[in-house]
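Undergrad: For reference, the chains in residue letters:
Number of protein chains: 2
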Amino acid sequence: MKLDDLLIQIKIKSSFLCIGLDTDMNKIPKFLLNEDDPIFSFNKSIIDHTNKYCVAYKLNTAFYESRGVDGWASMKKTIDYINNNYPEIFTIADAKRADIGNTSKMYAQSFFTEMNFDSLTINPYMGSDSVKPFLEFKNKITILLGLTSNLGAEDIQLKTSNNDYIFMEMIKSSKLWGDHNNMMYVVGATKTEFIQKIRREIPDHFLLVPGVGAQGGDLNEVCKYALNDNIGIIINSSRSIIYASTNEGFAIAAANQAKILQVQMSAILDERN
Amino acid sequence: MKLDDLLIQIKIKSSFLCIGLDTDMNKIPKFLLNEDDPIFSFNKSIIDHTNKYCVAYKLNTAFYESRGVDGWASMKKTIDYINNNYPEIFTIADAKRADIGNTSKMYAQSFFTEMNFDSLTINPYMGSDSVKPFLEFKNKITILLGLTSNLGAEDIQLKTSNNDYIFMEMIKSSKLWGDHNNMMYVVGATKTEFIQKIRREIPDHFLLVPGVGAQGGDLNEVCKYALNDNIGIIINSSRSIIYASTNEGFAIAAANQAKILQVQMSAILDERN
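Residue numbers (the working numbering), protein chains in the order written: chain B, 1 to 273; chain A, 1001 to 1273.
Pulled out of the complex, with its shape left as it was, chain B reads as follows (with noise of 0.2 Å):
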C-alpha cells in the first residue's frame, strides 16, 4: 500500500485510529477457547466490527510468536483475513526486528513478502545497514522506532550526544536513508514536548503514536503538537479497545470504542480544515 492510500482512506473514515491486535489468550473470552483457533475467531470478530472506525490494524509479533508454531499460523490467518476482506485497510507488523544487512533483507521478506503486512517497524540500533533492506521494498513503509515511552528509554535513547539526544540524533541520521513516503517513526505519546521537537525535524513523516487510551485523555494534546498539514499521525490503541469486555458481545464493546476515538478525532479532523 501506497501512503497516498492510506491519507484518502483517513478522510473517508474521518479517523487515524489504529487498533492494536495484542490477542492473548489469557485475556479473551472464555467462550472462545472451544474454538480450532481461539485468538483468530478473536481477531475476526473484533476485525469486522471495528473495521469502519480505524484506518489500521497493528499485530505486535510478540503474541502471536509466545505461542509458537501455532501464533504464527494464527498471525497468518489474521493478515491474511484482513488484506482479503478489508484491503483498504492499513497493515503494520510490530516486530522491532533488524540485523545485519543479509538478516535484516530475511526479515524484510518475511513481513512484507511472506506474510504481506503494509508496513514493519525496525529498531534502529544497528543503524543505517540495518535499516536500508526494508527501505528496498517498493510500496512498503518502514517504521523506526524514534522514541519510546517507557521508562527504560532513559539508558539510551535519551542519553545526549553532540548536544543533542540520541534518539535525535538518529532521526536526523536515518532522514537520509529513506524519505517520507517509505519510512515513519514509532513517537511514544507520553512525552509531548518530545513530540514537538520531533515534529520539527521531520515535518513530514507520518508518526505512528501508541499509548492513548479510549479516555482520549491525550488525544487532544498529541494531536496538538503531531499533526501536520497532511495529517500526518496514526494513533495506535490496543488493550482498551480489544478487551472492553470479556463477554459475548466483546465485539460491539470494541466497536463502541473504537467509534469513541474515531469521533473525537473527527471532530479533530473537522477543527482543523
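To be clear, the hints were calculated from the coordinates, so they are not data collected in a lab. For clarity, every value in this text was computed on a predicted model and none was experimentally measured. Hints are supplied without guarantee of correctness; some may be wrong.
As the list claims (entries may be wrong) - Restricting the straight-line Cα-Cα distance to at most 25 Å, the calculated cross-link-like pairs of lysine to aspartate or glutamate (DMTMM-like) are:
{"hint": "1", "chain 1": "B", "residue 1": "K27", "chain 2": "A", "residue 2": "D1129"}
{"hint": "2", "chain 1": "A", "residue 1": "K1077", "chain 2": "B", "residue 2": "E114"}
{"hint": "3", "chain 1": "A", "residue 1": "K1259", "chain 2": "A", "residue 2": "E1221"}
{"hint": "4", "chain 1": "B", "residue 1": "K172", "chain 2": "A", "residue 2": "E1154"}
{"hint": "5", "chain 1": "B", "residue 1": "K2", "chain 2": "B", "residue 2": "D179"}
{"hint": "6", "chain 1": "B", "residue 1": "K172", "chain 2": "B", "residue 2": "E193"}
Fit chain A to the given chain B structure using the hints.
TA: Same frame as chain B, now just chain A:
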C-alpha cells in the same frame, strides 16, 4: 542450562565453537529440496556431523521467518532435535528482540518456554525495563547486543556520551540489570581494541563473538583480548561451516571446517593452561 554446564562442555570438547544455523533454502544442496522439510533435513545432518566439535548452535530467526509458518515449524523441529538428542549443547535463538515490559515477557515465553532455547539475543535500545523480563527466567541466558561489527554501528553505538561510547554506557548500565550468570554480550570480532575495552568493564561475563571465519585469521587476536580466567567466550561461525560444500558430502565438509576451528581453539586453550 546453567553457564556451569556450558563451561564443562567447553572443557570436555576443548572447543568454544558455536555453529550458526543460518539455513537458507537457496544455499543448501539441491538434492535436499525433494525432502518434506529441506531446512530441517539440512540442519539435522549438519548437527549430527558437527556436534562433537562445537558447544553451541545458534539459530538466526530471520532465516526461518523468511519462510513464514513453515519456517517457524522448521525452527521448532530443529531446536527439539538438538534438545532431544544433544541436551548438552547450548542453544541460542539469535532473534534480537525486545519491547516494552509486558511484550518482552511474551518474547521470553516464546523462546525460553515454548521453543525451549537456552538463550536469546536482545536489542538493548529500549533500555532496562525492556530487558529485565528476560532475566526473570531461571537457567536461561539473556545475550545483549554489546557492539556489532557492521558499518551502521557508527550511527548510535559508537556515538559518545559522558565521554564514553554509547555501547559502553549501555554495558555499564546493564551490569546492574543481571549478572554474569544470566547475561552475556554479543561483541563483533572485527574490533579488537573495543574487545579489550569491553573485557575491562565486564571481566566475568561470557562474550558471544560472531564474525570469525574458517580461516581463523582473527581467532588468535580475538582470544588474546577476550578470553578470561573462566574462558568466557563463545565464537560463532555460520556460512563458512554449513555451506562448505553443496554436494552429497556437505555435512562431512561442514564437520571438517568445524574441526579446523576446534583444533585451533584446543591449541589456544592448551597454551593458556
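Undergrad: Decide, hint by hint, whether the structure agrees.
TA: Status of the hints after comparison with the structure:
no. : hint              : result
1   : B/K27 x A/D1129   : holds (23 Å)
2   : A/K1077 x B/E114  : holds (20 Å)
3   : A/K1259 x A/E1221 : holds (19 Å)
4   : B/K172 x A/E1154  : holds (14 Å)
5   : B/K2 x B/D179     : holds (13 Å)
6   : B/K172 x B/E193   : holds (18 Å)
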